[in-house]
Structure formats: structure tokens, C-alpha cells
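Engineer: Using the hints, build the complex out of the two chains.
Chains A and B supply the protein sequences, listed in that same order. Here the working numbering is used: the first sequence runs in plain steps of one and ends on residue 358. Here the working numbering is used: the second sequence runs in plain steps of one and ends on residue 1094.
No false leads were slipped in.
Straight line, CA to CA, 27 Å or less: simulated DSSO-like cross-link-like pairs of lysine-lysine:
| no. | chain 1 | residue 1 | chain 2 | residue 2 |
| --- | --- | --- | --- | --- |
| 1 | B | 906 | B | 994 |
| 2 | A | 113 | A | 125 |
| 3 | B | 994 | A | 125 |
| 4 | B | 994 | B | 975 |
| 5 | A | 113 | B | 994 |
| 6 | A | 173 | A | 125 |
Covered stretches of chain B, as calculated for chain A (at least 3 residues, CB under 8 Å):
| no. | region |
| --- | --- |
| 7 | 507-514 |
| 8 | 969-983 |
| 9 | 992-1005 |
Computed footprint of chain B on chain A, listed as stretches where at least three residues anywhere in the stretch have a Cβ under 8 Å from a Cβ of chain B:
| no. | region |
| --- | --- |
| 10 | 65-79 |
| 11 | 84-91 |
| 12 | 103-110 |
None of these hints come from the bench; they were simulated from the model. From a predicted model like this one, the values you see are computed outputs, not experimental measurements. No residue lacks a Cβ here, since even glycine has one placed at the ideal position from N, Cα and C.
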Amino acid sequence: MSIKGQAAAVRFDGVSKHYGPVVAVNRISFEVQAGDLVTLLGPSGCGKTTTLRLIAGLEMPTSGSVFIGGDDVSRLPASARDVSMVFQSYALFPHMTVFENVSYGLSVSGVAKAETRDRAEEGLKLVGLSGYGERLPSELSGGQQQRVAVARALVLEPTVLLFDEPLSNLDAKLRRRVREEIRELQQSLGLTTVYVTHDQEEALAVSDRIIVMRNAEIAQEGVPNELYEAPRDTFVADFIGDANVIDAELVQRDGDYATVRVGGHVDLRLPHRDLPAGPVRIAVRPEAIGLEASEEEAGLTGTVTQSTYVGNHVEYTLDTGLGEMFVADYQYDALIPAGSRVQIAFRDRGVTLLENQT
Amino acid sequence: MNRPAALWLAVGWGGFALLPWYGVEDGLWSFAWLFDYPAGADAAPALLQVLLFGRWWLAPMVLPLAAPLVVLWRRRSDPLFSTVLLTAGSFGTVCFLVQGFAIGLGGWEYATLEAFFGPLADRQFGMGYGALLVSASFLFLFAQGIAARGAINGDGFVVGSIALVMALVAAFIFFPVVRILASAFQDNDYNFVPYLFVEKLFSRDIWGVGCLTANVNCGVAWNSLFMAIVVGVSTTVLGLAFALLATRTGFRAKRLLRLLSVLPIITPPFVIGLAIILLFGASGTVTQAIEAITGTTPGRYIYGLPGIWLAQTLAFTPIAFLVLIGVVEGVSPSMEEASQTLRASNWRTFTTVSLPLMRPGLANAFLVGFIESLADFGNPLVLGGNFDVLSTSIFFAIVGAQNDQGRAAVLAIILLAFTLTAFWAQHRWLGHKSYATVTGKGDAGLHVALPRRVTWLVYGSALPWAGLTAVIYFMIMFGGFVELWGRDHSLTLRHYIDAFSITTGAGGLVWSGAAWNSFWTTIYISLVSAPLTAAVGLLTAWLLIRQKFAGQEAFEFGTMLSFAIPGTVIGVGYILAFNVPPIELTGTGIILVICFIFRNMPVGVRAGIAAMTQIDKSLDEASLTLGASSFATVRKVVLPLLRPAVIAALVFSFVRAMTAISAVIFLVSANYDMATSYIIGRVENGDYGLSIAYSSVLIVVMVVVILLIQLVVGQRRIGRRDEAVNVAFGAGGAVG
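Only chain B is shown next, with the shape it has when bound in the complex (with noise of 0.2 Å):
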């Protein structure tokens, strides 16, 4: 008996005649619709809904489910074995899409459907846990059966991996953004009305440029699009100074340097908006001090374009400084010592050598600027006014008083066309082509020292926008202990008791605080989403470094691309596709873990690409030669030597979760409430002591949380006992 084949048969035949087969209400651990089970026509398995309640489209999921029980005693290599399996597969997977699609929440989906068959009496809702177990059987026997075609060396679990990678991918990736462009085209009662498109995408509040011209705002494109370059520009700069600052000076606090780069990755962005009102707001410290030396009044100048700018670029400044600190340590010493021995003075040197080498990485350092600010949604959400971006308007359509999902679709269009072209532009010219000045050969030069300008440029820009970032800092830190920032400065522990109070009530310990709902959620939801994140990258990045298949570059595309989709995109995405069968899942925790696992499951890939391309290969295919299976092979051999990118990948997911804003604010319900929505629903109400001492908790979990992880996954094992090693040879233990 082929036992991966039986055991996916298995699977499939619990799901069709054993589980529910359409979601049942309030998870299946709840147990509450085993009342209803089996007879009843919410909790039957697919096949007493045929049986007894005349639900015929689910019948045909027999035949696929029968075939393979006759070949299951053949051997592999039986070609009528790999054909039932491929056939029985798809087969099967077009039935169960099939059936999802056309019929819904009342009756035909489509009206030519219904126009053919008749009206529909029934009905059906989002699909359960039988279906799910039933359309994963599918899915691993077409892999089983292209397994035993000889594909990938005939090795089901690489094959079944491929096949779920992109099944996934396809479910909540594309998927979402499929029904982005359908619903673009849909009134809200899901007409198809084609020049509404047209009206809504040329519409003037879009692309209106009346702000040249007069007092009125530009579109919200415009806006978009203004600030990411901006955006991009200053953050190029600064990063570029901190860089310099950081490996071509006498700069001694260059530790501090590094710190302010992990800074970013543990700030939910718009906490640094929140500290900017806490400066400049209306009633900040620096507004107070302008109107207390001039005598006028401000009011609310930072809201709008200067807000979103300050606040965009002291969160991502530290992420070009990543990226450029790579590329100026990159130059090769030898090319700036060889322009010197050919007489070029340092400046010279500076701006015909070391800059354009440089080049690349400034292009790459913009462009991860650009799309970080058009996908930002926090800090225009704080900080905006009257100026509106794509991101919240996207938002504002969706949750605002127009509810219009086809200007939300619209919007969410040009904002992905804007991001996924910069997405584009980044692999096309930087992707492939390295400017790596780093040779392998020892390269023991010495950096030539800056031109005198530069430097004093480089201090110039770079130690006051440091400074700057220190006091946003010491604002997050410390602004939750005052009692109304800028009116009422006496001290108090107010807002952190109102958040995390713990009474003794008459059931023993009650966490009355109101953060306490959303802070455990939060930790819940990141908790359960890491693991499974840094799991589906790391499959993914084996699967790209470690096999060779058919269509490997559209995979790779496919599973790096939901890093170019910005969140509010993903969102809205979200809300139209899986609010109505054949997959409801708004409102649940559920639908928040698989948001973070797609949005974030690039960093798992990227740190996984980067640890294994370090592994050698024979190691692999030595566990594959010894008689293990490819499962094993990953559990035992590659999973162990990756430990640090494991560590790396569960960090990152841990908290991108913890931060994220801009999907999460759509995808949150009373009962999923995330800490990061419940701190902008605050910052609204202008409750800013509660929601900056709420934003300091988080990053003080974040850290313990890493440092904790550290602690448990731990240190690899390879190096152990260097000392033994030297005693061994030194006692002249048998060699050779």
C-alpha cells in the first residue's frame, strides 16, 4: 500500500464524511455543534448534506475520493497509479471551486447560472473543516500523483510542499487582491458597472491638481505620491549621513549608532507620529515654547504634509541606514586607495569613486523609502489633517460614512500600481546586477578618510536629527507618566493604572485595565502567528535554494510579492474576500494569524535564502542518501544547522505582528481587538497619556519577548568544545 496516498485518502474521506463540512459557529473546539451532529444541516458532513439535505453540488466529491482507493495497492511507478492520483486530484480541486463560487449566501452566484439551472432553493455558507480537509486531500494526492510521475526525484513531501506554498499564495495573496480589482468594477450590491470604474478612477478627488493652481488640496495620488518621494529623498540622506557617520569617521558613540537601527523594528510607526503631537501638536512642548517667545499662536501647523513628512522620516531613516550601511562598507578600499596613487584629492575621490559606487545602494535605500511611506498608514492617520494619502483613504472608504468598496478597490489599484512598480523597478535594475565591490580576495586597504566638507556635512545633518530621534525616544518612554502633556506636567502613574490595572475582584484577580483585552490578544495572535510565519518562510526558501522545478522564478515572485503590497491594500482585500462564502473568516482570530503569516512571511523567506545558501548542499543530499526521507532530512538536518535564522525569522514575525497597524485595522472585531488598532482608536479620542504609556509597554515586551527567544532556541552546537579539540591533537590522538 502506498502509505502518503492512503494517508491524504484518509484525510479526505474524515473531512468529506466525518466533519462538518460547513463552518460551524464558534470554532470547532467549542464542541456546541456536536448538539446538532451529524443530522443536523449545520454541523453534517458533506455526505449526509447530500444524503439528507439535498445539497447534490457537493456530490460529485465522491467519484475523486473513490478512484484512488483502487490503485492504492499499486506500486509507484505504475503509471495508472500516478494517472488515477493527477486525475482524481484535479478533478476533485475543480469541484470543490466550482461548487464554492457559484453557489453562496443566497442561492447562484452568477445569473447565467441561474439563468441555466433554475433558481436555486438552497443556499450555502462558508466552507468548515471538513472541506478544508477534503480540499487538502485533494491538493496532496495531484502532488502524490506528479510525485510518482518522477518529478522533483519523485519526492512527494517537496512536491506536496510546492503544491501548498502556492495553494496558499493563491488563496491569501491573490486571491484578496482578485477581488480588489473584481469589486473595482461592482457597485456595492455586486453589479457589474464598468464605467463606474472609469468615473471612480479618473475621479478628480484622485488626480485633481487644482492645489497648484489654487487654494484647494491636489488628489490624493498626488499626495501619495509627493510625499513617498520626499520621503525617499530625506531618508536616502539621512541614512547615507549615518552611514558615513558610522564607518568613515572618528565618531565615537558609533554602538548607539547601531542601537537606533534596531529601533525602528520594535516602534509600531506611528507611535513616533503620537510623539511628534506630543512636540509640535497644538499643545506640544516646542508649540508652547514658539507661542511663549513670540507671543502667537501656531495652532496646528505639524498636521498635514510637515507632520507625516517628520514622522515618516524619523521612523524609516534608520531602515536606509540598514541598507546603506552595507553598500558604503561594500566599496572596496583598493579602487578609492588606486584613485589616490593616481592623484585625485579626496574629494575628488569622494565624488568620482566612492558616490557612484554607491549608487545602487542609494537607488535601493529610495526605494525602500518611497514604498514604506506609500504604504504607511499609521502616521498620515495621526498626523494628517486635511491631507489626505491613499492609504487612509482607502481606510476612510471602506470604514468612513461613504462605504464605497469600489473607491476603496480604486484607490487600492493605483496605490498597489504605484508600490508594485517601485517593487519592479527595484528587482529589475537591482535585483540581478551586483555592484558588490567585495571580492573575496583580502582586501586589507584602508578606507580613504572623508573629504573635510563631507564630514562636516555628514556631523551636521546626522547628530542633530540623532538627537532628535532621542527625544521622540524619551517622549515614547516617559510620556505616559505625566498627567496631560503640555497643560498638566506633574507626574503621575495614572495612565499606566487606567491600561494595566489588576483588581482582586470576587473571582480572584481581575484584569480591569482597558488595555488588557487588546494586550492579550495581541500577544495571543503574534504568538501563534511567528511560528507558523517563520515555518511557512523557511519551507518557501528551501523550497527556492534547495529544489529546481518548473515555474521556481513565478514562485519566488509569487511569494515575495506580498512585501510590496501595502497593508491597507491586503485590508480592504481581506474584507472583500473572505466576508462571504466560500470563506468567511472576518471577525475571527483566524483571519489576523493568516494576515501576519502572508504579510510577513518574505522576512522568513529572506532570512532562510541567506542561511541555507551557507549551507553546503551534499549535506542534504548525504541525509537523502542514508535513507531519509526529505521530511526528516529538513526536520534533522536543516532545521538544526538553521537555528539562528529560525531565531531571526521568529523574531521578525513576532513583531511585525506586534506592530502592524495598517491590514490590522480592517481584519480586528470586538472580540479581536489588536493592541496597535486600540491605541489609534485612543490617539482619536485624543487620549495621548494612555496611548503613548501603552506604546511604551509594547516595545518593552517586544525586547523581553526577543531576548527570550534568544534564550530558548539558543546557540548552534558546531562549535563546542574547542578546547577538547586542542587537547586531542595535542596528546597526539590517533590522526589520519
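One chain only, chain A, in its complex shape (with noise of 0.2 Å):
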């Protein structure tokens, strides 16, 4: 007896969800591969949360379909949905053992008593948790709990698996590691997996593919390594990462590229992203940024405002002709004081025209 994982694909069409007047989730379209974890990421009342819920069956949807292996089944209740969900507070039920937890799910779709024991089992096994059957949920450490809420969602061998911000009640050190397990668990079992959290570098670290939501919709949907170097906007460029924002202007376009030039001065060679020439607008990781203390006005230049030792780099604020700049760098020798003139050259990667100039 081992638990598998039975992958299917979840697939939005237009989906949308109204409280009244609130508009929770409005139209979304996206869609999980089988076997993909894919997180949705956001700031808080971004509709992230509401879009998880849909796919579980704990909210009907407006309007639009939502399909999961191919079935539409936007109409269908939570329990006929063969999908499971660990929620932030783990949910745990307090007045069952954790046995009793993990086996809830199967003694309730009517399997045997045998195999439930066996599976349970398997699941807890699964977690690191054999042998914690018999205590209650109150008796467990919060990394335990949390084992517990995976176990009991994967022995149920669901065909996608919901996380609710799953590390949000764990201690910073645990979190790191308990990310890991999840991915690992995930991977090893090719669990169609959806995950919900605000936390940039927790999306990052784990996902295929990160979908950033705002105000009920999709900002924007990739790879994490293609949102954090090419940001389609302002609000996914400052979400996923810091980024300076900078005006520039478009002056030609070759094959993929395109000659932008920042502050008049400068000349870089950047994707084009479809865009016509004329004013653009670029952004700017920090740690983009190379400075040089120089008192000479070439290129563009700046004057350091603030500049703060963090340990592994030293941040910067730098007042320029192009507005204020936050500079982070890794590679520094010496520290450039306060109120230095600074040269500000742009690295290769870390610079990206931003698709949507609004």
C-alpha cells in the first residue's frame, strides 16, 4: 500500500464571484497542468484565497466554468470534488485523535476498515508522524499539526491539493524547511498542487508557475525566474522583488531588442516586449545597480542619500536627475558614505521594459 498521487489538470474559464456588490474574483481564466504546483500570489483581499475556494467547492462560482480533469464542475458541492484542501489554521478536528484526523476522509467515502487503517497509516508515515496516532491535535508542536492537515488531505490520494498560506502559523525557521517538504512531497508524489500565499520568496522557492493576482484579477501568470526579470507592470515589478521604476524612451527596435535610452544618456539593449518606440517605462532590480564614487558628471549620476550596512550587502538610496533610487549591493568593498556623488551603471540582468505602461 502506497499513496499515490492521481493528477488532473483544473482549468478557469471566465470565472467570476460577486458577494453583492463585491466583486471577489472577477473573470479569471487560467489553468494548472497535471502534475504542476502553481501558486497564487497577492496581497491580502486580492481574490487569491476566493480563487482557491473555487477550485475546492467551498464558493460556486458567479459565472464561468470551472473544470478540473477535464470535467466541468462549477456546480458541483466540495464533498463530490475529489480535490483536498490544508487550510492556514489546519483545521484540525480537536475533539478527534490524529489518527482519527487522517482517517476521516476515507471513513466517510465508505472505505473499508482495513485499507483506511493501512492508508492512514501510510500517510502519517508519509509526514514523519508514525506513531503520534493516538494523541490529540492539542498535544502536537504547530510543524506537527501541520503534518498532521497534509497527511489527511493526501491520503485521500485527491486529484489536485489545495494549500491556504499553509506556513503562515509557523515560526520563521520551520517555514523554510516545511516549504521544502511540501515541494518535495509534491514532486516525488506529482501532485497537481495549488497554493496560496502573499509571500513573494515563498512563491518563488516552490512553483512551476505563479500566478500574481490583484484586485480580482489576474496581474500576471509565468515561471518565477520570467515574473522576477520581466515584469509585465509597476505593481508585479514592486511585488515580486523591490524594483526602480524609471522613465525611458524607446528609440528603435531590432529583431527582439530595442535601443532604450535612460535619462538621454544612457543606451541599453533590452526585449522589446512588443512595444512601439517612444516614451517606456523600465524597471530596476537593486541589486542591478552597480555604483562607483565619482565626482564626474558623465553618464548618469547621482547623490547618496542614505546608505545602511545589512550585513551580506549595503543598501542605498541615491537622489538622481531621474527620481529616487534604492540600490542594493552585494559586492561592495568599502562602504560610499552619505552625501557622496555616485556613478550609476545598469548590470545586464535585473532590467526589464515594462509591457504595461500604466
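Structural biologist: In C-alpha cells:
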């Protein structure tokens, strides 16, 4: 007996969810490939949890359709969907033992007693909690409770596994480990997983793909490095990592690239992203800016207004002709003191044209 | 195949083709009807009623029972499935209701129908089990149809529960009230006579103000209103005094005060009236003392306004205390401390900060006392004398020599208008505003000491009153052991023997005491209705807290409404509504059970709401995503966690069923007499010894049953093995 994944794809087709006048999810469409871990990322109130609950069947779409494994499940209640969910609060039943919690889904589905027992034990083993079956949830630590919640969801061999901010109740040190465990389990079982978080680092670390949401809509969707390196707009650039958004001008296009002029002096070669010639905006990661203390007034220059030592790097705030800039220098030799004049250079990676100019 | 739909369809066919359509005498389980089954006109199922007896009006119901068969094997998401179910359910319900209300004991119920269809030779009786199953089938097929459309997350159980509660509330709360309204416009022969309504509504014995100028009685409406206001004020003042005594003074016996708050729950209210008669009645202890001292004979001074006021204030002060103790404790000490640091004296702090913060609570306590006084029936009946109030007038309009249903209905409408206005005011002013000053932040301050004069006032009013209460309960407990109170004070067990003797006769034990019959009926009816009340109440609470659906506020109002309807009004409504087909229930035990369920349902709802708001909703959702149906979720997750609320609901509904009198007195019959109405009957015959003995037994039984229920339903399991946790962690068990 072992627990297998039975991955199925999830597809949203123009799904909306309204609560009276409030629009929680507005006509979103996306697809999660079978076996992928996809993260719904966004600030609170962006509709990511509602989207998750729409997959689970805890909410019914106001319009549009939800497909799981090719079947339209829009009108199916949660109990009739082959989907399991790990809740933010874990939602372990406090009146049942760990074992009873893990076997709950099996016993209510009418699985034979012996099989229920075997599979529940298998599930506990999978999360490293064999021998904890007779305890009550209140007798476990937060991390252990979380694993019980995962085991409880896994033993049903769901076609889709859902996580609602699973790490938010754990302390910072534990988070990294649990997140790696979740990813490992997901990959070894080949589970289709949808994962909600507001922590961009967590999202980048665990996901095959990330869907960034804002105001009930999808802001951008892509693989982690694509989102980080080629954010479509200011919101995504700012939400995933930090970004300096700078006005520039697209001078001309050739092939896939465009020449972009910054501050009237510096020309950059960037993927053109189908933008026409004219004023554009670029996003520059703090670590993509190189500084050199120099009084020379050539190229881009600025004044350091604040310089902060934070251990593995140094952070600067600059006052430049293009506005304020935030710089993170990981390769510093010596601290540049506040008040110094600096010359600014952009590195190749970490600079991108913003597709959406609003 | 869609199993829930198939199940309900099977139920419907069973009701239509197998079980007797009309009510069978002696109940279904007597099986006497089997002699007449299936081809007898009384016991035949609907199908044979149509085929053999020409009761063609039952025939249309075949259609909605047949149509769903066609779509049973279709997918739930198929639009045709839900459309057919919705149509069948609604059409079936309409057919069911129309035939039930159009044709009664005398053929056509309405002259217009008779004029249109011609006279009907046939007639029909009250509906029976067949009809019950068919109507349930239509209701739940309709609910399945709605669920299939995706309403309420497509959950058939939830939609079905909502439909069920709505249908029950409509049938057993709204329908009787509507019947009262209707019969206010009818004479005793059910003719529509609107001027009679106007005449009765403005009758002088209801609204007369003669007592202001001459020595005649005022109208009953004024009497009731005046009494309610006076009782509301006095219970609020005394309740506040007790609340302050319990929380803001160094009073030693605070636990006794808590006990005081439990007493009214287990005391039938009229028992207080009974004890007052023993004290202040014509041969009461106090009366005789006055006689001995002054030499004059005071007579029946207690009967009327003073007696009712005293009894009601004694009975309802503990309720005001319960309301106000929360309010007094809720006033944040830091507000009072802030006032003091601003150099206000104790007196100024109390009058300008503490009291104003309590104002909403005081208003609430007043309204509770007001409503209770209006609804009280037992005390005015026992102590009223010539002082008529609405609740007793309603009773005498029905059972007295007048037997004037229209007058009873008009009085009931007036009483209902009063209580609903108070209920509405309470809801409106206090329901949504939160004056609570408990913020959830740690509030470590100390309450400011009461000003000295307030302290004296509190002691001066609360302690004598507590003393009086103690004397009253002493009378209740020991009055039954005295031969004839006021005349012959020799100790005796005679009353207990009269009531509860058991002798050995030819057939073994004989329950020969006079009270056994009503005693066992009361226990039986209360035990049957308590779990049903708790079930309906908790289900309703679950629907209100855990589900979101259109019309939820109206749903909530409807379910809480029966709290505001005085028992006498419900009693009259039940008599008017359930004495004739389509639902004939008077004279049965069922009507008592139903009455208790819907009178006491709000208690279960409140207990459930209070408990459920403390249980995280994600537990329900986790169960759902793990594949449990919402029914299984309720059974395995919600109910076990609600155990304290279940106990509370069971205890309250049991106790309230045992102590109820106002609605019950209309509904009891020779076969089903209840303890309270039996006692009232004895009181009216002047048999105080037996009455008080019986009352004290009731109180003791209730205490025992409450303890038993707590023992059986037991404690929650969550906090188990606290030591084991320590051991596990102490031993360095793998953490994280």
C-alpha cells in the first residue's frame, strides 16, 4: 500500500465571484497542468483565497466554469470534488485523535476499515509522524499539526491538492524546512497543487508557475524567473522583489531587442516586448545597479542620501535626476558614505521594459 | 441515479400509494386501521381514494410524483433535471395545499368555490401520514431542484434543511397567527363579518378608561399595559440592585445570588403566585398576623394588581438580574478609572459614567420584564381576582361561558401587537449597536467602589427582596407538608399521598395518586419534545451561522418570532388552526409536542449561535473538502464540538416544557393533561396543599433531570490528557 498522486489539470474559464456588490474574482481564466505546483500570489484581498475556494468547491462561481480533469465541476459541492485542502489554521478536528483526523476522509467515503487503517498509517509515515496516531491535535506542535493536515489531505489521493497559506502559522526558521518538504512531497507524488501565499519569496521557491493577482484579476502569470526578470507592470515588479521604476525612451527596435535610452545618456539593449518607439518605463532591480564613487559628471549620476550596512549587502538610497533610487550592493568593497556623488551603471540582468505602462 | 431525489420520490410514492392518506384514529402505531386497509374509505391511501372513492382532487398529485421518474437517471448538472424537480416540487405543493384548504369537513370550504363547481357531496378529514410523506416529498424534491441549480454550493442537505425549517415555521408559527387574524373578522360560524371586528376591537372592556374617574374597571388592554410597565420598572431596578450587589460590593454570599438566578428557570411562574396566596391570601400567614395585631380583617387585598405585581416581580427579577449582571460587568473599569483621574468623585463617576454606559442594558432588562409580564398567564389566573389582563381574558373568551373566538382573536391581536412592538424596539435599539465596552484588550483595572449612598440603596432593596424570595421558596418546599395552610398547621404527608400514592392492587402496582396521570404525561411529552426542540433549534442556528442564503434575515426573524408571541396567543392560534382539517391535532399529544418545539426553539437557536460562533468555520470546510457530506459534517464534526450547547438546549427545552402553562392550558385534553394545567385546576378549586406539594415535586424532578442530562451527554474530550502532553514534550519527543 502506498499513496499515489492522481494528478488532474485545473482550468478556469472566465470565472467571476460576486458577494452582492463586491467582486471578489473578476472573469479570470487560467490553467494548471497536471502535476504542477502553481502559486496564487498577491496582497490580501486580491481574490487569491476565493480562487482557491472556488477550486475546492467551497464557493460557487457567479459566472464562468471551473474544470478539473476536463470535467465541468462548477456546480459540484466540495464533498463531491476529488480535491483536498490544507487550511491556514490546519482545521484539525480537536475532538478526534491524529489517527482519526487522518482517516476521517476515508471513513466518510466508505472505504473499508482495514484499508482505511493502512492508508492512514501510510499517510502518517509519509509526513514522518508514525506513532503519533493516538495523540490529540492539541498535544502536537504547530509544525506537527501542519503535517497532520497534509497527511489528512494526502491519504485521499486527491487529483488536486490545495494549500491556503500553509506556512503562515509557523515560525520563520521552520517555514523554510516545511516549504521544502511540501515541494518534495508534491514532486515525488506528482500532485497537481495550487498554493496560496502572499509571500513572494515562498512563491518563487516552491512554484512551477506563479499567478500574481491584483484587485480580483490576474496581473501576470508565468514561471518564477520570468516573473522576477520580466514583470509586466509596476505592480508585479514591485510585488515580486523590489524595483526602481524609471522613465525612459524606446529609440528603435531591431529583431527581438530594442534600444532604450535612459536619462538621455545611457542606451540599454532590452527585449522590446512589442512596444512601439516612444516614452516607456523600465524596472530596475536594486541589485542590478552598480555604483562607483566619482565626482565625474558623465553618464548617469546621483547623490547617496542614505547608506545602510545590513550584513551580507549594503543598501543605498540615491537622489538622481531620474528620481529616487534604491540600490542593493552585494559586491561592495567599501561603504560609500551618504553625501557622496556616484556614477550609476545598469547590469545586464535585472533590467526590463514594462509591458504595461499604466 | 440521483440517490437523494430517488429517496424522496420513493417516500412520496409510499405516502401516496401505501399509507393511509387521512389521519387514522388512535394513531398509526395502534394498527387498528389495518382492519380497514386498504379499501376502507378511512384508511385507504390516496391512490385508492381516487380510484375507489372518487376523491378526484387528490389525483393531480400523481403528475408531480411521476414526472421526476423521467429525469432520475440524468446527471445532476443537467438543466432538465433541476427544472423538472423544481416544477414537480412546487406544482405538487400547490396541489397539496389547494385541495387541503379548499375541501374540508363540510365539502367546499369557500362559497365561491361551491358556486363555481357546484356543491360537493363528499368531504374530507384531517390529513394523515400519507399526506405527511407526500408533502415532505414535494418539499425536498423542490430543495433538490434548487440545489442542483447550484444554490448554496449545490448542497442538497442544506437547501433541504432551510426548506424544512421554513415550512415548519410557516405551518406552526405563521399559520396559527394568520388564523387568529382571520378569525378576528369572523363570527363563531366562520362567516366574514368585518364590522364585528371593529366593534370588538374598540370595545369598552378593552380600552375603557372608566377607572380614572369612577370606581369601575379599566379596559384589559390598559390593565395589561400598566402592569407590564410597572413590573418592567420594578424588575429592572431590583435586577440592577442585585447585579451591583454581586459585582461591586463586598457582599459575602455571592454564590447564593447565582443560585437565585437559576431558580426562575425551574419554577413554573404561577408557583410564586401560589406561595403568595399562602402568605397574603385570605387565610395567609401575613394576613393572619395583621388580623392578630390590628384586629381588623384585611380580606382579599392581595388579589388583583398588588398580587400580580408582587408575583411577577418576584418571578422576573432574576431574569433582569441575569441580563444586567453582564452589563454591569461589561462596563470597563478603565473608563471609571479615567473618570476618577479626571477628579470626579465616586458619586459623579457612577452617575455620569457607569450608569449611562449601562443604559442600553437597563432598557433591555425593562423590555424583557415588560414582555414577560404581558405574556404571563399563570399568576394573573391565580391572583387576578377582578383585575383582568389580556392573557387571562383571552383564555376566558375561549373556555368561558362566552366562547367567543372572535373576541379571543381580537384580544390576542392586541397582546401580540404590544409584545411585537416591544420585541421590535429591543431589536431595533439594542440588536445591532454594540455598547459593550469589553474590548478584548487586557483591562486590568479595578471597578471603582460604589458611592456610599448607592451601596446602602443596593443593600436596602436587594437584601429584603432576597429574604422575601427565600421565604417564598420555603413556602413552596414546605407548604405541602401542612394540613391546611392558615387553618391547621399540623404536619402531614397527606397531600403527597393524595398526589403520588402507589398501591398494590390486583394487577400489581397501581399508580393510584391523583397526580400520576398528568405527571407521567408531562415527563413523557417533555422528554419527547426536548431532543426535537434542540435538534430544530441547533439546525436553525447552524443554518444561520454557517450558511449564506437569500432571505437569511427574514429567516432569522421568523425563527426568533415565536419568542415574542405570548403563549396564550399561540394557544388560541393552535386551537383555531388545528381543530379542523387539513391539520387536525387538537386532543392529541402531538400538538403539545409541536407547541413546545416551536415555543422553545429560540432557546436552542441562541445556545447554538453562541457556541457555533466560537468554532472555526474552517473545521466544517475541512470536513467538506475531505469528502464528507454536509450531513456527515454536522454529525461528526459540528455536533460533537457543540456538546455544551446541546446540553443547554436539551435542559432548557425540557425544563420549559415542564413549566409551561400559558399555551398548554388551551391544548391539554383528558388523555393528555399536563402537570401545570392540573395544578392550576386544583388551585382554582382552592386545593392549595396538593398544588404546592405537586409543584415542589416538579421542581425537584427538574433538578434531578438536569443533573442526569449533564451526566449522560458528558464532557468534551478536547482537553483530555494534559499531563500526557507535558510528558511527551518533556521527553524530547520529535518536535517540528
